[in-house]
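Protein sequence lines correspond, in order, to chains A and B.
Numbered as in the numbering used here, the first sequence ends at 292 without a single skipped number.
Numbered as in the numbering used here, the second sequence ends at 601 without a single skipped number.
Hints listed in this document are in silico derivations from the structure and should not be mistaken for laboratory results.
Check before you lean on any hint, since a few could be wrong.
Derived DSS-like pairs: lysine-lysine, alpha-carbon spacing no greater than 25 Å straight-line [claimed, not checked]: (1) LYS148/A / LYS163/B; (2) LYS148/A / LYS185/B; (3) LYS373/B / LYS148/A; (4) LYS185/B / LYS199/A; (5) LYS164/B / LYS132/A.
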Amino acid sequence: MDIFIRRHPLVPLCLLLSILLLAMFAQSPRITVPALAGAVLFLCTVRGGFTVRSVIGFLLCWALIAAVNPLFSTGGATPLVFVAGRPYTREALLYGVHLGAMLLAVLLWFRCERLLIPEEHRFFLFGRFAPKLALLISSVLRFVPLLKRRATAMRDAQTAVGIYDDPDWIHRAGSNMTTMSALTTWSLEHAVDTGAAMKARGYGLPGRTTYRTYRFTGTDAAWLSAILVLTASAVLALARGGLGVSFYPNIVFAHADTLTRIGVAAYTILCLLPFLSAIKEELRWCFYRSKM
Amino acid sequence: MLLSVENVTFRYPKASNDALRGVGFSVNAGDFAVLCGLSGCGKSTLLRLIKRELAPFGDLSGRILVDGTDVTSIGSAAGAAENSAAYGAENAPAATKADPTRDRFSAETVGIVLQDPEAQIVTDTVWHELAFGLENLGLPSAVIRRRVAEMAAFFGMESWYHKKTYELSGGQKQLLNLAAVLAMKPKLLLLDEPTAQLDPIAAADFRSVVARINKDLGVTILMAEHRLEHVLPLADKVLLLDRGELLCDGSPAALAAYLQANAHPMARALPTATRVYLALQGTGVGSAVASEHVNIPLTVRDGRATLLAYSAGKTASDPADKPAGGSVGKPAIAASGVRFRYGKDLPDVLCETSLSVSAGEHYCLLGGNGSGKTTLLSLLAGLKQPYAGSVRLFGKKLSAFAPGTLYRENLAFLPQQPRDVFVEKTIREDLLGAFSRAYSHAFPKAAADVVAEGAAADMLTMCERLHITEILLSHPYDVSGGELQKAALAKVLASRPKVLLLDEPAKGIDVNGKGELAAILKELTAEGVAVLSVTHDAEWAAEHADRCGLLFDGEVISEGEPGEFFAGNAFYTTAANRMAGDFFPGVVTCDDLLRAVEVSS
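Please construct the entire structure, taking both the sequences and the accompanying hints into account.
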């Protein structure tokens, strides 16, 4: 699902950073609710967003955080029950619900990131700011599966030579160490060969370029400035204290003036952008298909 | 003249002999040159000297010119001094380091593909791998994209262009390495035994692509190879290296004549058609070959024509009687109705597979890629467990063996990569470890020094038997494939197994190495050891097996002695059988055919 495939990778990156940072720093239901709603709506729309198992996992996680918080925090004016002589309060429970929702929102947006920034774009973003790091990551990603396969082969070979024969666990641990050290030797040898292959293909020559380039177009600029304006108004609301909320002893929201309302509305739009884009793609395909 | 090597002599630091001695030859633009010779003759050293980025350290004299530029580059005096300071005088690299112009020239002009497909891949995706070299050259993005697209189209790799490199098969990996090098548009392509690690089908694919690059794109090729059966027909020019000296430089026919005339060990590596032709010449027309050698047959097709001309007016005869097949006794190891899959939702790799090997028998299990050969072998070795069916060793289930007894005096397994067997710094340490374990198991009450002495004695006996005493002090990664295979065999034999399982034992070994390995296996079977080798190599199976089986789609399809097994196959068979099947039914190996030819003449 490549919602932003035609956009410069900076666009989805900025959007995600705004949403995530605000959700983490504001710690306010006025921000958490749109963040969570936006992520859930988007993940429900796109293919591969949710699986049954992941939904159950997320809900359990949320319920656990909500239920456990009152056991540790006894602040709050309205006790619901007494557990082991300690009050289990309504405020603490709601604080837990909010904390869980916020963590969940952050987790879900990370899940969205995978869908919003295709892997190759992510690689470009790295490559732009740290080309060496990007190449390093690429070669590590290549090496890890190879190492796993080699480790299995070596373990099998050593098992068949009988070095794991001793039932004594200290001996077996020693055998594992031996196999590991052989694996290290292999890795070094492999690195030498790969290094030779890299050098043979001109690695280290001055003036390296990259395969991928993305042109930053007018549309990208428009998208980016819209995101920045929306973010700025949300940040303004946060800075003026309009998003503040205190849970203990009673739940009190800060007074919401016009600027705060605008800020919350702006943040809501930010969170809904991926969802709206996904809907737009769906509709585009519906019309397109009807013409085919 | 694209490549010209002038009187090159090279010696590795601290070595007592020259690795190359007075080697001089030239390769014209557009030629396909094959550099052949036994393992350790200096093929790789020579290729690496031509590719200056990979040039080994050592003393070099002579010149190597690529397209008129000297790539050995005796750079500025300052550069040389700097290098000798950095590396110590004797380890000064042959090529000076800081020379970007020459490095760029070499990176652009000379491409190299090495033996191991895995080790040459740098990045995680196919497209990035193709772009890697071009990025290094600093080409503009548009040029990179065009070249990458061209390469993907030329190699037909569109369908796997977006794949991860670790998902590819060995053959695809090597093709990717070739494509990535070719994208840089080299004028000279160096190939260092590029098909040694590939199965025969993938190797044939690779060779046909190389031939296409040579014919359609005009890229000059220098390929090091010790198996000549398939590359000789492609070659315009063959160079024979022997212990660092260039013995022969000429056409494939000239090489064949030279090898025959001098009874060189590489003669056994010649294509079957050529060997038969030379044998016929030897018996019939005399030594006319050496002088004329115009139309020496190199392929099965030409070989058939030779046989046809020769056998005109003669009746087909049976070859000399063959030794009776191996004793069929009680099965030493047997799998019955085993099923195996790698995951609950994945298809069966093995389905109701049954196989048994008797004591004193060498059984070769053949099969293509993904037929489940290696999986079956790990089931037999007890490394994986079938989810149905059973594997029995002398009638006892593998799972019934007490911990630690299965791999003592019972079962031994030699993996496809013999280096996986080694964990120590020298081969000697590794072998000593294995032999001490075996000795202290045989004599549990022996004192430590007695064990050490006994183990050392056992080890020496084994090493003398396998002729590996000279490499004992080497690091396992520093010896040739054939030597390492023998050393690994020594290690697994330490436990005196009654059943020996081998995965691709003949892969990447030269003719000499194959012969030695086969002789050792023959001795073992004579002592009553059951040997099961899993292989792609029809020639190996035909020459050395007592019984062969074909694993296809998870089942053993046909089984029989090599004679009947291969004679019944039309495609999955040896070159000798494809060539002579019509004239001499039952002939499967080149030696059979030579014998048949002699008998009927």
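So, going through the hints one by one against the coordinates:
1. LYS148/A / LYS163/B: holds (19 Å)
2. LYS148/A / LYS185/B: violated (34 Å)
3. LYS373/B / LYS148/A: Holds: LYS373/B and LYS148/A sit about 21 Å apart, inside 25 Å.
4. LYS185/B / LYS199/A: holds (16 Å)
5. LYS164/B / LYS132/A: Holds, because 20 Å separates the two Cα atoms, which is no more than 25 Å.
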